[in-house]
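Protein chains in written order, with numbering that gives the first Met the number 0: chain D, 0 to 191; chain Y, 0 to 191.
Calculated directly from the structure, the hints in this document are not laboratory data. Mixed in with the good hints there might be a few duds.
It does not matter which identical chain is used: a pair holds within one copy or between any two.
Unchecked claim - Below are the DSS-like pairs computed for lysine-lysine, each with C-alpha atoms no more than 27 Å apart in a straight line:
#	residue 1	residue 2
1	LYS76	LYS188
2	LYS103	LYS2
3	LYS98	LYS188
4	LYS188	LYS103
5	LYS98	LYS2
6	LYS179	LYS76
7	LYS88	LYS151
8	LYS120	LYS103
9	LYS26	LYS88
10	LYS156	LYS62
11	LYS88	LYS2
12	LYS188	LYS151
13	LYS98	LYS179
14	LYS2	LYS120
15	LYS2	LYS26
16	LYS156	LYS179
17	LYS2	LYS156
18	LYS76	LYS98
19	LYS120	LYS179
20	LYS88	LYS62
2 protein chains.
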Amino acid sequence: MGKVTMGPQTLMYPMPATLVGANVNNKPNFMTVAWCGIVNSEPPMISVAIRHNRYTLKGIRDKLIFSVNIPSRDLVKETDYCGIASGSKANKVEVCQFKVFYGKLNDAPLIEQCPINLECKVVHILDLGSHSLIVGRIEETYISENCLTDGKPDVNKIEPFVYTRTPSQQYQAFGEVIAKAHSIGAELKVSK
Amino acid sequence: MGKVTMGPQTLMYPMPATLVGANVNNKPNFMTVAWCGIVNSEPPMISVAIRHNRYTLKGIRDKLIFSVNIPSRDLVKETDYCGIASGSKANKVEVCQFKVFYGKLNDAPLIEQCPINLECKVVHILDLGSHSLIVGRIEETYISENCLTDGKPDVNKIEPFVYTRTPSQQYQAFGEVIAKAHSIGAELKVSK
Numbered sequence: 000m001g002k003v004t005m006g007p008q009t010l011m012y013p014m015p016a017t018l019v020g021a022n023v024n025n026k027p028n029f030m031t032v033a034w035c036g037i038v039n040s041e042p043p044m045i046s047v048a049i050r051h052n053r054y055t056l057k058g059i060r061d062k063l064i065f066s067v068n069i070p071s072r073d074l075v076k077e078t079d080y081c082g083i084a085s086g087s088k089a090n091k092v093e094v095c096q097f098k099v100f101y102g103k104l105n106d107a108p109l110i111e112q113c114p115i116n117l118e119c120k121v122v123h124i125l126d127l128g129s130h131s132l133i134v135g136r137i138e139e140t141y142i143s144e145n146c147l148t149d150g151k152p153d154v155n156k157i158e159p160f161v162y163t164r165t166p167s168q169q170y171q172a173f174g175e176v177i178a179k180a181h182s183i184g185a186e187l188k189v190s191k
Numbered sequence: 000m001g002k003v004t005m006g007p008q009t010l011m012y013p014m015p016a017t018l019v020g021a022n023v024n025n026k027p028n029f030m031t032v033a034w035c036g037i038v039n040s041e042p043p044m045i046s047v048a049i050r051h052n053r054y055t056l057k058g059i060r061d062k063l064i065f066s067v068n069i070p071s072r073d074l075v076k077e078t079d080y081c082g083i084a085s086g087s088k089a090n091k092v093e094v095c096q097f098k099v100f101y102g103k104l105n106d107a108p109l110i111e112q113c114p115i116n117l118e119c120k121v122v123h124i125l126d127l128g129s130h131s132l133i134v135g136r137i138e139e140t141y142i143s144e145n146c147l148t149d150g151k152p153d154v155n156k157i158e159p160f161v162y163t164r165t166p167s168q169q170y171q172a173f174g175e176v177i178a179k180a181h182s183i184g185a186e187l188k189v190s191k
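Using the sequences and the hints given, assemble the complete structure.
In structure tokens form, the structure reads like this:
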């Protein structure tokens, strides 16, 4: 049947590249997280998986508050940097020239330049082995005004991107629209 | 500062469109899951968030085994269909003409047509409100032989796609490469 086994692999498409923020030792810090996604709708929740020794995790565990910021493609260099540098050594906010603002929660630093910002309160922390899985309740959503069309978030203005690991580690833009969702599948529904 | 608040929203880019499989009442069934992602590296783990009343969830809770199948763009119609139909009423495998195979685990149905298949054993189930968050240990990874280049998964052959919800619900291909990861950010590291 033309299948090859590879052993247990963390092989997934697409992966995001988000900037997860927390106040660590009273200073805002951000790290790049690809293992991040929505996990609940009522109430809205998101999860982020972070390696135990990461500096940002200290701040999340301490305050039980964090942010998820979705960068646009013009922030690809800063996004990559926040994944390879550590807040224990560098002031990433300064290096990246992030403009940090705060919303409803005191300890969720948000990046003004990112089109979407989610403020989150920790509701669960699961130790899975190498990583802590943090589940957060989304308390507020911010979007840059210029990324709206008729009051709705517009993917063409947000210009998010995808993190791809194989065959080479790279960031890719969103491409052409293939089909309308919750729609094209109905053709199969009708035919049976 | 040009930001608009939207209240708590499940707003995330990119989201995948995966086909999560389980044997329900001894028959393979698949549902489309956008809230799915890697959560641990050692050992490899993945999470899927599924609304409590979904048919597939019964099979996962019963056998504590499931699969995650990553479709390529030529399966976009079938992928959409598996999100709008229920296995309690339709035989989705038959409608979609999926060729189902089994690997190491007895109860993880895998779709041959999907370039990537992950066999998973449940290690945690978290009730978050509307959804159950299932964390699974990846026991084996299968890839279609024709999606490899020099023995490595090749995104250009896999042709995965992204699920986008706003402003309209649609599926998008992966687009142009913007930058090399773990690389372009180093420019900022050097400059400081």
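Tested hints:
1. LYS76 with LYS188: Only across copies: LYS76 and LYS188 sit 10 Å apart there, 44 Å inside one copy, limit 27 Å.
2. LYS103 with LYS2: between (50 Å within a copy, 13 Å between copies)
3. LYS98 with LYS188: between (49 Å within a copy, 19 Å between copies)
4. LYS188 with LYS103: neither (45 Å within a copy, 32 Å between copies)
5. LYS98 with LYS2: Only across copies: LYS98 and LYS2 sit 13 Å apart there, 48 Å inside one copy, limit 27 Å.
6. LYS179 with LYS76: The answer is between: 9 Å across copies meets 27 Å, while 32 Å in one copy does not.
7. LYS88 with LYS151: Result: close neither inside a copy nor across copies, 39 Å intra and 34 Å inter.
8. LYS120 with LYS103: Intra 11 Å, inter 39 Å, cutoff 27 Å: intra-copy only.
9. LYS26 with LYS88: within (13 Å within a copy, 54 Å between copies)
10. LYS156 with LYS62: Answer is neither: 33 Å inside a copy and 44 Å across each miss the 27 Å cutoff.
11. LYS88 with LYS2: neither (45 Å within a copy, 31 Å between copies)
12. LYS188 with LYS151: Answer is neither; intra-copy 30 Å and inter-copy 36 Å both fail.
13. LYS98 with LYS179: Cα proximity of LYS98 and LYS179: across copies only (25 Å, versus 36 Å in one copy).
14. LYS2 with LYS120: between (42 Å within a copy, 20 Å between copies)
15. LYS2 with LYS26: Between. Shortest inter-copy distance 22 Å satisfies the 27 Å Cα cut-off; intra-copy 49 Å does not.
16. LYS156 with LYS179: Intra 19 Å, inter 22 Å, cutoff 27 Å: intra and inter.
17. LYS2 with LYS156: Between copies only: 14 Å across chains, 39 Å inside a chain, cut-off 27 Å.
18. LYS76 with LYS98: within (16 Å within a copy, 42 Å between copies)
19. LYS120 with LYS179: For LYS120 and LYS179, neither the intra-copy (34 Å) nor the inter-copy (33 Å) Cα distance is at most 27 Å.
20. LYS88 with LYS62: within (21 Å within a copy, 47 Å between copies)
Of the numbered hints stated above, those contradicted by the structure are hints 4, 7, 10, 11, 12, 19, listed in ascending order.
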